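**Q** Here is what each chain is made of, one letter per residue.
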Amino acid sequence: MKITGAQILLRSLKAEGVDTIFGYPGGAVIDIFDTLFREFSEDFRFILVRHEQAAVHAADGYARATGRPGICLVTSGPGGTNTVTGLATAYMDSIPVIVFTGQVPTPLIGNDAFQEADIVGITRPCTKHNYLVARTEDLARTIKEAFLIATTGRPGPILVDLPKDVVQKKAKYDYPDKIEVPTYKPNVKAHLPSVKRAAELIRQAERPVIYAGGGVITSGAHEKLYKLASMLNFPVTSTLMGLGCFPATHPLFLGMLGMHGTYRANMAIDNADLLLAVGARFDDRVTGRVEEFACHAKIIHIDIDPTSIQKNITVEVPIVSDAFDGLSKLIEELETKGRSSKADEKLKEWHSQLTVWRNQQRQRFDRTTEIIKPQFVIEKLYEFTKGEAIITTEVGQNQMWAAQYYLFDKPRTFLSSGGLGAMGYGFPAAIGAQVAYPDKIVIDIAGDGSIQMNIQELATVVQYKLNVKIAILNNGYLGMVRQWQERFYDQVYAHTDITVAPDFVKLAEAYGAVGLRATKTSEVEDVIKIALKTEGPVMIDFVVDREEGVYPMVPAGAPLKEMILV
Amino acid sequence: MENRKVISALVENRPGVLARVAGMFSGRSFNIDSLNVAPTMNPEFSRMTIVTHGNEAIFEQIIKQLRKLINIAKVQDLTRGDYVDRELVLIKVKASSVKRAEALRIVEIFRARIVDVAQDNLTIEVTGSQGKIEAILELLSSLGILEVIRTGTVAIPRGRKGLKAGDSSD
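Which chain is which? The protein sequence lines are S and D, in order. Heads up, the first sequence is in the working numbering, so the first residue is 567 and it goes up one at a time. Heads up, the second sequence is in the working numbering, so the first residue is 3 and it goes up one at a time.
Hints are computed from structural coordinates only; laboratory data are not their basis. Heads up, a few of these hints could be off.
Chain S regions said to be covered by chain D (calculated; three or more residues, Cβ under 8 Å) [stated by the list, open to error]:
#, segment
1, 568–582
2, 681–694
Derived pair list, reagent style DSBU-like, types lysine-lysine, alpha-carbon separation capped at 30 Å [claimed, not checked]:
#, chain 1, residue 1, chain 2, residue 2
3, S, Lys877, D, Lys70
4, S, Lys710, D, Lys76
5, S, Lys751, D, Lys66
6, S, Lys877, S, Lys762
7, S, Lys755, D, Lys70
8, S, Lys1095, S, Lys1072
Computed from a predicted model, the values in this text were never measured in an experiment. Just so it is clear, CB atoms sit at the ideal spot from N, CA and C, and this is done for glycine as well.
Modelling step: build the complete structure from the supplied sequences, incorporating the hints.
**A** What follows is the structure, given as structure tokens:
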């Protein structure tokens, strides 16, 4: 029996175990929405966002929180172009997101038809792969391929463009259980001789540091990392993307490294004799000046993507594998033969040095003032959620303070646009995470700038009664840029003052959400308590110190040890 | 040190594959000196020969990035072994009656061919390695070159090493 392309699409999604779709209708996808509404409303939860960018960020938040691919359905032309930022975000952070876009009917493609855009051309550099489905018969296989490619190897976003006639025409439905894509063979298994070489370096290391990134979370290797670090007694630092891959409250955790990393993490990198990089890609925000990054260290690099290896930093032992396999094999190898007692003696000295650095610089802020310090807000959010919330962030100071002051003990609890740095990410990502985990507290830590980039989603959270809390650290500035202007541009605040802003409390109320405000330190605790007690969406306007900065800070292009501390 | 690199890629014969390759090069600021693409014996695949220059770190990235593209079946760095490369060039030169003899002599020396003759110009077809092409262009330039059209390099490994999808010589 033949069924329509729309039916094939939705049946295929069902076969893949999809339960939630984020999207926005339009002319080119009207048939899919019709079929979804009439025939599949029991099978999928559809979340109607208010802007397609938010649909992709929400699908991305869903994917980061669950580890399963996030699904989006939008229309042609502007529907597709509005997904570009979301796709680029997911691409940079290796998140499995699949975006289905409508397209004008195949006979009209290339004719500058109404709401036509060459979305496959536009998104080629910001997707792992993309497709234009030319025939209804190809639809099922293409969807199967899309899921395979999105979720395996180094994951990433896929876009599937669906011309209207392809969706309307009928074909036989035959969804393959398993497929082979002959030209796609990601390698996840570590090469044993390299593992042995790495183990030998680890056995001899006197001042080791494990530098862990998002790949540990992606491959579900956090327990392996825990095991390796605790059996070796090696300190661990993490990238922004890696937060939660190792318990932040654990004594071996040094905190985040890089531009806004902790003093001791950066000093440790600078003095280490061995760096074990796992699932991290030596991003410029991590390394500072590359020539001086970990310049006393031999480097072992475990990464699933061969292009990440030897790209920014030359390493002694490259291991192409996912973090899980690489760490598992290292553990086996080191269990067979452990470290020498001499190396372990030196390791003790290294730990005392790390303690000295910890005591020299803790992230500090003024706790005596009635002006609200943004860091204090985060500490209190941590305290009142017992560290168990899923935190999403926007981009800028809010993101860095969240990374520094909320302690993440578990993977998939810190969702942030790391690579692309897309303002407007946090709120829709919180929607995605909340839909995935309705019983969890989900908080978007936002700035007054970023929140306005997708603020229309207040309508979405109200419509679906989503229990999302938004904590705006409102300083009336595009704060991170202002901080750079303060430090490096003679305090000329070129176009970063955004004091002309809506009254966020009234705005929340206008949408039908609850709005709260704190203007003094003494009000912070109460406001958080009320927000957490209130069912449904709450937006909290924390009016914070306008000129508070994020420290430590390594100026762009400087070596890590050249931190500005206050 | 800037070196020349000849890369051979076996790619799926599908719409958009050339754009993926070209986009990867431009998006990552890699150089393309020439790029030739044509079908293979197997209609499902096309062959791309890409000539680029840079340093070893860049070459390593180029090859890895090419392998990362989904539609690419196989990537080979031909400059790592022995290979034959050829380029076909059509050259239109000024050839008044006075200069015509000299043009013909050069054609002879390089085993090139005259493929079109007009009142005051000749079109020469020449095939050869990069060195040969450069040499003939230099000699002909004294006559006055009106136009040069080049195919870009195509290349194949010497001996038994193949380039097909199943080969293990990768």
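**Q** Against this structure, judge whether each hint is valid.
**A** Hint check results:
no.: 1; hint: 568–582; verdict: violated (count 0)
no.: 2; hint: 681–694; verdict: holds (count 5)
no.: 3; hint: S/Lys877 - D/Lys70; verdict: holds, 14 Å
no.: 4; hint: S/Lys710 - D/Lys76; verdict: holds, 23 Å
no.: 5; hint: S/Lys751 - D/Lys66; verdict: holds, 13 Å
no.: 6; hint: S/Lys877 - S/Lys762; verdict: holds, 23 Å
no.: 7; hint: S/Lys755 - D/Lys70; verdict: holds, 17 Å
no.: 8; hint: S/Lys1095 - S/Lys1072; verdict: holds, 20 Å
Figure legend: structure checked against the earlier numbered hints; the only hint not met is number 1.
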